[in-house]
Amino acid sequence: MAFWQSRSETTKGYATVAPPLLYAFFLLAVPLGAVLVLSFWSQEFQTIDRTFTLANYREALSDPLYRLLLWRSVKIAGATTIVTVLLAFPIAYFVSFHVPPHKKSLWIFLITIPFWTSYLIRVFLWKVILGYGGVLNSALMGLGVIDEPMTFLLYNANSVVITLAHAFAPFAILPIFVSLEKIDRSLLEASRDLGESTAMTFLRVTLPLAAPGVIAAILIVFIPTVGDYVTPRLVGGPDGTMIANMIQVQFLQLSNAPLGSALAVLAMLTVTVVALIVSLGIGRLVRAPK
Amino acid sequence: MRGLKLYAIGYLIFLYAPIALLPLFAFNDGTVIAFPLQGFTWKWFAGLATTPALHDAVINSLLIAVTSAILATLLGICAARANARYRFPFKTGILGFIMVPLVLPEIIVGVSLLVVIANIFSMRLSLWTVVLGHTLICMPFAIAILNSAFDNLDASLEEAAVDLGETPWNTFRLVTLPLVMPGIVSSLLISFTISLDEFIIAFFLTGAEPTMPVYIWAQLRFPQSLPIIMALGTILVALSIVLLTVAEIFRRRGLARAGVRDTGGFL
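In the order they appear, the protein sequences are chains A and B.
Our numbering numbers the first residue of the first sequence as 19 and each following residue consecutively.
Our numbering numbers the first residue of the second sequence as 398 and each following residue consecutively.
Each hint should be verified, as a subset may be incorrect.
[As the list claims (entries may be wrong)] Think about it this way: if two alpha-carbon atoms lie no more than 25 Å apart in a straight line, the pair counts; the simulated PhoX-like pairs of lysine-lysine are:
hint: 1; chain 1: A; residue 1: 93; chain 2: A; residue 2: 145
hint: 2; chain 1: A; residue 1: 200; chain 2: B; residue 2: 402
hint: 3; chain 1: A; residue 1: 122; chain 2: B; residue 2: 402
hint: 4; chain 1: A; residue 1: 30; chain 2: B; residue 2: 402
hint: 5; chain 1: B; residue 1: 402; chain 2: A; residue 2: 121
hint: 6; chain 1: A; residue 1: 30; chain 2: A; residue 2: 121
hint: 7; chain 1: A; residue 1: 122; chain 2: A; residue 2: 200
hint: 8; chain 1: A; residue 1: 145; chain 2: B; residue 2: 440
By construction, these hints were calculated from the structure, which means they are not laboratory data.
Pulled out of the complex, with its shape left as it was, chain A reads as follows (with noise of 0.2 Å):
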């Protein structure tokens, strides 16, 4: 398609580009790039030591505290991640099938008003709510609905996933309801003047047309929470620290940023391995019932 446009429109398209594309380069490819060098390097006090080595490396594989934290990282974000896109697809289904169409934008702009206000306000709020004496456990106690507070709410994993479940609520709401209203609703008369159940309407049509908004919204959520700082520092207590806050330790308070880089350069290969596995491997399993 090169040959006829026309070689002005090229280059007005890079000249417009450029500016975005260039603050981009400088400001997220040449520090990542910066990082990846750093790791190879090594803390001699309060100098680097510029000769290339894989001891951070070694040692952020061999010491169990970090394996630890990195696969605990991606549980608790595959948790995260597969209890907010299951509470936030039946939402994405009832607006875009069962709100009337001008009031559709209402709904999401309700949905994504409490995601813009003070975040670490809210996070903090969630360890009052889940907290021993919180506002959870005094309401259940009220109603007798239980006798002594529960103490597995806050300080571990469940908080971490119930409040990062709550943060990011919208990212997985909105491309799930993007590609659902892109549906073709004929699509799902047909099925059923052909004879299929709602369900399997639902199971056939709906749901395999629905996959790119789901697998977007699984990669939205996924990847953001697996570096996550906020959440675990303020409701994980010892078991939910994540390697997020190992990172900001290494580099803020024991100054030895190559190892911090390292850390950083393994979340990230993580992070491209499980979403490269996700996007392929939902994409086939949607494919496969042909």
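Given the coordinates of chain A, assemble chain B onto it according to the supplied hints.
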């Protein structure tokens, strides 16, 4: 479908539960953030007025948020314009690359910028280093909003202006800009809101001058300052609801101006 509607309402309660608690504790005449409530008071709001450290942090955050919002929106206009108007090799890849900060964990953005700024250039951390990071993460959101504004623009209007003898710059200023203006306002407001609330990048890149979230983070460790933080949170929630409503009104006005049916949502 009544079950689904009940579920939807239950889900909204889950989404709003933490925010609904904020004003309760902000007006509660007790230092402990727990039930039962103690009685009504304005004193935590009055306390906000007498905390100079907070005022400095708020001013820092406002400066950063305004600058980042303008920079991100200017860069976003370029990307959205290129996306809607021109075809060039590697377009999808280039635009995809610019959107990457949207899905990258923020700690990675913070750490990598810190490495470049502190370890390589040995630059001093300041409000400007935070602006650099915030512009980067606001840019994809600005592009997402501006893309729909530029996509809905009818190219024949611009062609008509050129045919009638306007210069390209005047065409952009007199025809394009007014049509995409609602998208620009919406992008500015959303970028401002994101920057104002962003913590982790600011945490890594702020020097001696903390931003508001960095200040809040430090205060969360002290039980005695929590009620004041609840009062601050209440104001922030009210403020961001106002900002978002304005952004939403502008977004809808933009859609109406372009003559497109509303499909909902910022993103």
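Okay, the hints, checked on the actual structure:
no. : hint          : verdict
1   : A:93 - A:145  : 21 Å, holds
2   : A:200 - B:402 : 22 Å, holds
3   : A:122 - B:402 : 14 Å, holds
4   : A:30 - B:402  : 50 Å, violated
5   : B:402 - A:121 : 14 Å, holds
6   : A:30 - A:121  : 41 Å, violated
7   : A:122 - A:200 : 14 Å, holds
8   : A:145 - B:440 : 24 Å, holds
Comparing the model with each earlier hint shows violations of hints 4, 6; every other hint is respected.
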